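Chains as they are written, first to last, in the working numbering: chain S, 1 to 253; chain H, 1 to 282; chain R, 1 to 271.
These are calculated hints, taken from the structure and not from any lab test. Among these hints, one or two may not hold up.
What the hints assert, rightly or not - No farther apart than 20 Å at their CA atoms in a straight line, the calculated lysine-lysine pairs in the PhoX-like style are these:
#1 242/H <-> 171/R
#2 175/R <-> 153/R
#3 221/H <-> 12/H
#4 202/R <-> 249/R
#5 36/R <-> 103/R
#6 139/H <-> 11/S
#7 264/R <-> 36/R
#8 242/H <-> 175/R
#9 230/R <-> 204/R
#10 36/R <-> 56/R
#11 36/R <-> 153/R
#12 153/R <-> 103/R
#13 139/H <-> 10/S
#14 27/H <-> 221/H
#15 10/S <-> 62/S
#16 75/H <-> 27/H
#17 221/H <-> 10/S
#18 193/S <-> 36/R
#19 175/R <-> 204/R
#20 103/R <-> 178/S
#21 11/S <-> 242/H
#22 230/R <-> 264/R
#23 103/R <-> 114/R
#24 114/R <-> 153/R
Claimed, not checked - A partial selection of chain S residues facing chain H, derived with a Cβ cut-off under 8 Å:
#25 143
#26 145
#27 194
#28 203
#29 208
#30 214
#31 219
#32 221
As the structure is a computational prediction, the values presented were derived from the model and not from experiment. Don't be surprised by glycine CBs; every beta carbon is placed ideally from N, CA and C.
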Amino acid sequence: MMVYRGFLFKKADTLLHRLDPRVKFAMAFAIIVCSLLFEELLALTVLTVVLLPLARLGKVLKEWLQTLKGLSFLAIFIFAVNLVFIFFGSGKSWEFPAAMALRFLVVVSAFSLFFLVTSPDELGLALQQSKIPFDVVFALTMAIRFVPVLALEIQTIADAQRSKGLELDRGNLLMRIKRRIPLLIPLIVSSVKRSLEIAEAMESRGYGSDRPRTSLYQLKLRKVDYLFLLAIVSLLALSIYIKLVFPPFTLLP
Amino acid sequence: MAIIEAQSLTYKYPNSQKPALQNINLKVEKGEFVVISGPSGCGKTTLCRCFNGLIPHFYGGELQGEIRVNGLNVKEVSTAKLATQVGLVFQNPENQLFSLTVERDVAFGLENLGLPPQEIRRRVDWALNLVGLSGLKDKPPFELSGGQQQKAAIACVLAMQPPIMVFDEPTSFLDPLSAREIFNIIAELHAKLDLTVIVVEHRLEFLTAHASRLIFMDEGKIVLDGKPREVLKEASESFSGKIGIPKVALLHRRLTLQGISLGSTSLTVDELAEPLRRMLHP
Amino acid sequence: MILMEDVWFRYEDGTEALRGVTLQIEDNSALAVMGKSGSGKTTLIKHLNGLLKPVKGRVLVDGMDTREATVAQLSRKVGLVFQNPDHQLFAETVEEEIAFPLKNFGFPPEEIEKRVDWALNLLDLADYRHDSPLSLSGGEKKRVAIASVVAWKPKYLVLDEPTLGQDYGRKLELKRLFEKLRREGHSIIMVTHDVEFAAECKFKVALLVDGQILALGPAEEILSATELLKKASLTAPQLVELFQRLEVKPPVFEVEEAERFILKLAGKAQP
Numbered sequence: 001m002m003v004y005r006g007f008l009f010k011k012a013d014t015l016l017h018r019l020d021p022r023v024k025f026a027m028a029f030a031i032i033v034c035s036l037l038f039e040e041l042l043a044l045t046v047l048t049v050v051l052l053p054l055a056r057l058g059k060v061l062k063e064w065l066q067t068l069k070g071l072s073f074l075a076i077f078i079f080a081v082n083l084v085f086i087f088f089g090s091g092k093s094w095e096f097p098a099a100m101a102l103r104f105l106v107v108v109s110a111f112s113l114f115f116l117v118t119s120p121d122e123l124g125l126a127l128q129q130s131k132i133p134f135d136v137v138f139a140l141t142m143a144i145r146f147v148p149v150l151a152l153e154i155q156t157i158a159d160a161q162r163s164k165g166l167e168l169d170r171g172n173l174l175m176r177i178k179r180r181i182p183l184l185i186p187l188i189v190s191s192v193k194r195s196l197e198i199a200e201a202m203e204s205r206g207y208g209s210d211r212p213r214t215s216l217y218q219l220k221l222r223k224v225d226y227l228f229l230l231a232i233v234s235l236l237a238l239s240i241y242i243k244l245v246f247p248p249f250t251l252l253p
Numbered sequence: 001m002a003i004i005e006a007q008s009l010t011y012k013y014p015n016s017q018k019p020a021l022q023n024i025n026l027k028v029e030k031g032e033f034v035v036i037s038g039p040s041g042c043g044k045t046t047l048c049r050c051f052n053g054l055i056p057h058f059y060g061g062e063l064q065g066e067i068r069v070n071g072l073n074v075k076e077v078s079t080a081k082l083a084t085q086v087g088l089v090f091q092n093p094e095n096q097l098f099s100l101t102v103e104r105d106v107a108f109g110l111e112n113l114g115l116p117p118q119e120i121r122r123r124v125d126w127a128l129n130l131v132g133l134s135g136l137k138d139k140p141p142f143e144l145s146g147g148q149q150q151k152a153a154i155a156c157v158l159a160m161q162p163p164i165m166v167f168d169e170p171t172s173f174l175d176p177l178s179a180r181e182i183f184n185i186i187a188e189l190h191a192k193l194d195l196t197v198i199v200v201e202h203r204l205e206f207l208t209a210h211a212s213r214l215i216f217m218d219e220g221k222i223v224l225d226g227k228p229r230e231v232l233k234e235a236s237e238s239f240s241g242k243i244g245i246p247k248v249a250l251l252h253r254r255l256t257l258q259g260i261s262l263g264s265t266s267l268t269v270d271e272l273a274e275p276l277r278r279m280l281h282p
Numbered sequence: 001m002i003l004m005e006d007v008w009f010r011y012e013d014g015t016e017a018l019r020g021v022t023l024q025i026e027d028n029s030a031l032a033v034m035g036k037s038g039s040g041k042t043t044l045i046k047h048l049n050g051l052l053k054p055v056k057g058r059v060l061v062d063g064m065d066t067r068e069a070t071v072a073q074l075s076r077k078v079g080l081v082f083q084n085p086d087h088q089l090f091a092e093t094v095e096e097e098i099a100f101p102l103k104n105f106g107f108p109p110e111e112i113e114k115r116v117d118w119a120l121n122l123l124d125l126a127d128y129r130h131d132s133p134l135s136l137s138g139g140e141k142k143r144v145a146i147a148s149v150v151a152w153k154p155k156y157l158v159l160d161e162p163t164l165g166q167d168y169g170r171k172l173e174l175k176r177l178f179e180k181l182r183r184e185g186h187s188i189i190m191v192t193h194d195v196e197f198a199a200e201c202k203f204k205v206a207l208l209v210d211g212q213i214l215a216l217g218p219a220e221e222i223l224s225a226t227e228l229l230k231k232a233s234l235t236a237p238q239l240v241e242l243f244q245r246l247e248v249k250p251p252v253f254e255v256e257e258a259e260r261f262i263l264k265l266a267g268k269a270q271p
């Protein structure tokens, strides 16, 4: 639950929020590529530390730290597995398993940061302008739009059936599954009905018109977007340079 | 020429035995404000769907007879094209808003029409302003009340600037106060813009005062059609068990039968209160 | 008797839905809970069968504290009919739909059969007994939903917006059903913002505003208190408004009554 929250957009008006969604994606992507380039603990630590001020800049530090906290169990697990198979197996340093765990944290928390500061709407727009068909993008944003509606509906259906004496948590697993049929059928029926109504409303507003579709918003890169892009490209270039020029290094000689 | 013209319109939904519409003949002139009422299942929603081509293009089924909207033959023109002629607002506000902000939803129809962004921007602001929702344009629909959602849905259709607007029981999910607000908006739009308005509705007590014409349907047929006062007078004689005739109209009729002369049928409380006051407190 | 004592409720997102509601529902009584959307009406009735438990205060159903009983136990006494029948119909036939709660409550098979027959007849659904509930019209679905709750004869029948989307004929049927059930000793509690219907039913009225009970009293009193109604975002029934314009008391809800009243007044005015 905690981890899930770390991927939900948090509304705010910050520099990071105002960045073009494509630049934000490039940023997350670059950080992830860098983390895959290196196996060294030092480099991966640097990458994690880079994310910290960014999360602060976007006023989502609390949520982002929650993601880290939620993932820490998995990170420890990865560390342990690597330790067992590599450290004891090949006699390599403990640095490698630690780096692997950190790499996992960097990858997931970079995505977390991206979703925290990018509204689904912007994301849709970015996808749309990246030549992804409108139907696909529209289906995606609509799914996000109806998540809270559906959650409420499931609750209501469960309440209605419980009021008719249905006890969901009684009996063995098979019985519990069977007891969910009275929830499942109304949910399917009302979802089908809902999609029909939505389709009807869409048709009535000219969906499927033969004219080429336009868009109210046009994403346009601003000065600050270019500055961030420059920084991202520099980071990538620097990383590749270090990777190519310097031999693998360790903290412990 | 009439803006809507239906001739012996009969329609059967796919897999249905009984026709939902039977031999409907209807002419609506430009600028009229028509209210259609009748018991559930009388065919009023079905008729609305014929106006913008959802029937037959979306629903299929058998459509016999002729229907023309602003000169276009509904059977031959696509729903997307008819959308610029007829704006349809539905019963359930929630399922008419499918974007992540109100503004994007209002823009949806205009983007489908392929309008340039500046024009979309202008019309979105204009429509939201008319329904009084400018302050909420960046809100996700989920955070709006039912009444606000329905206003947003009206703006969505309004932005496409169709000459005809059809409202299919727009207030049946709303509380009385929100319902009144929606009716006021509809009346205001009709007065301000050069619109033809058709409203399907149960709650006649708020609406008949605005209407220029009242139609009652039953079992797929038009049974009464005329000026609101005359139709209500006839309906209170023959349909009072089936349709919720406003109580003032019913009382008016009963008192008239008792020999109290009150003039033509009252549509509002004020209209009945006036002559009664004069009689009781001379 | 159901007792709500200083009941407070807050949803997870922090919304205070009930703020100190105290309410007493007598045996064999009729109550309409009225107010605008979001005033806490639905939250209130979900407390009656324990779907929601108060964060402060308590609810007693015939002496049983709802925090100490399961929803199933409480529902045996308090039957809740939800607003949208689509949210509960799932069985293959109308008959099975009505039998479902009876089975949950553990009635013996012969008794189930008897009660299903009774409920089908009461709601005029006998012709549809073998039909799929999903194939029915909106109004018929609503009747099936009511029948499935009435069948276990809960002492308190609670309905959320029973007139929503119903035409006039159906409202009349509903009113008759309420009268019948009351004669059999049931209590009826309905949530509604349909002032005309509440006036016709002549239930006791509780006005709910922002999670608090603003007023409680007989329909004649509450539904003619224009100022109170305004605070609850409601409007007075048409005839009440009419009689207020005429400066006549007491308020009148029915057309026949109004007619008699005016004729009497007219007799005086024109001797």
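Hints and how they fare:
1. Between residue 242/H and residue 171/R, the direct Cα distance comes to roughly 10 Å. Compliance with the 20 Å bound is thereby established for this hinted pair.
2. Taking the CA atoms of residue 175/R and residue 153/R, the gap is about 18 Å. The hint holds against a cut of 20 Å.
3. About 13 Å separates the Cα atoms of residue 221/H and residue 12/H, which keeps this hinted pair within 20 Å; it holds.
4. Only pairs whose Cα atoms come within 20 Å are accepted, and residue 202/R paired with residue 249/R is accepted, the gap being roughly 17 Å.
5. Proximity of residue 36/R to residue 103/R is assessed by CA-CA distance (about 36 Å); at most 20 Å being required, the pair is judged violated.
6. For the hint linking residue 139/H to residue 11/S, the alpha-carbon distance of about 11 Å falls within 20 Å, and the restraint holds.
7. Of the pairs offered as hints, the one joining residue 264/R and residue 36/R is violated, with about 37 Å between alpha carbons and a cut-off of 20 Å exceeded.
8. Distance hint between residue 242/H and residue 175/R is fulfilled; the C-alpha atoms sit about 14 Å from each other, no more than 20 Å.
9. Between residue 230/R and residue 204/R, the direct Cα distance comes to roughly 18 Å. Compliance with the 20 Å bound is thereby established for this hinted pair.
10. Distance restraint check for residue 36/R and residue 56/R: the Cα-Cα separation of roughly 24 Å exceeds the 20 Å cut-off, and the hinted pair is therefore not satisfied.
11. At roughly 30 Å between alpha-carbon atoms, residue 36/R and residue 153/R are farther apart than 20 Å, so this suggested pair is violated.
12. Taking the CA atoms of residue 153/R and residue 103/R, the gap is about 14 Å. The hint holds against a cut of 20 Å.
13. Taking the CA atoms of residue 139/H and residue 10/S, the gap is about 14 Å. The hint holds against a cut of 20 Å.
14. Of the supplied pair hints, the one linking residue 27/H and residue 221/H holds, its CA atoms being roughly 14 Å apart against a limit of 20 Å.
15. Annotation: proposed proximity of residue 10/S to residue 62/S holds, straight-line Cα distance about 11 Å (limit 20 Å).
16. Taking the CA atoms of residue 75/H and residue 27/H, the gap is about 17 Å. The hint holds against a cut of 20 Å.
17. Proximity of residue 221/H to residue 10/S is assessed by CA-CA distance (about 53 Å); at most 20 Å being required, the pair is judged violated.
18. Proximity of residue 193/S to residue 36/R is assessed by CA-CA distance (about 27 Å); at most 20 Å being required, the pair is judged violated.
19. Among the hinted pairs, residue 175/R with residue 204/R is consistent with the structure: their alpha-carbon atoms are about 14 Å apart, no more than 20 Å.
20. Note on residue 103/R and residue 178/S: the hinted pairing holds, with a Cα-Cα distance of about 15 Å set against a maximum of 20 Å.
21. Taken as a hint, the residue 11/S and residue 242/H pair is broken in the structure, with Cα atoms around 51 Å apart against an allowance of 20 Å.
22. As the CA atoms of residue 230/R and residue 264/R are separated by approximately 31 Å, the hinted pair breaks the 20 Å bound.
23. At most 20 Å may separate the alpha-carbon atoms for a hinted pair to count; residue 103/R and residue 114/R meet this at roughly 13 Å.
24. For the hint pairing residue 114/R with residue 153/R, the CA-to-CA distance comes to about 12 Å; that is within 20 Å, so the pair holds.
25. Taking 8 Å as the C-beta cut-off, the interface hint given for residue 143/S is violated, the closest approach to chain H being about 10 Å.
26. Residue-level restraint check for residue 145/S holds (minimum Cβ-Cβ distance to chain H is 6 Å; threshold 8 Å).
27. At a threshold of 8 Å, the smallest CB-CB gap from residue 194/S to chain H is about 6 Å, leaving the interface hint in force.
28. The closest approach between the C-beta of residue 203/S and any C-beta of chain H is roughly 5 Å, which is under the 8 Å cut-off, so the hint is satisfied.
29. For residue 208/S, the interface hint holds, since its Cβ comes within 8 Å of a Cβ in chain H; the closest pair sits about 5 Å apart.
30. Interface restraint check: residue 214/S against chain H, minimum CB-CB distance 5 Å, threshold 8 Å, status holds.
31. Annotation: residue 219/S was flagged as interfacial toward chain H, and the flag is violated, the nearest CB pair being 12 Å apart, outside 8 Å.
32. Here the hint on residue 221/S is broken, as its CB sits about 17 Å from the closest CB of chain H, past 8 Å.
Checked against the numbered hints above, the structure breaks hints 5, 7, 10, 11, 17, 18, 21, 22, 25, 31, 32 and satisfies the rest.
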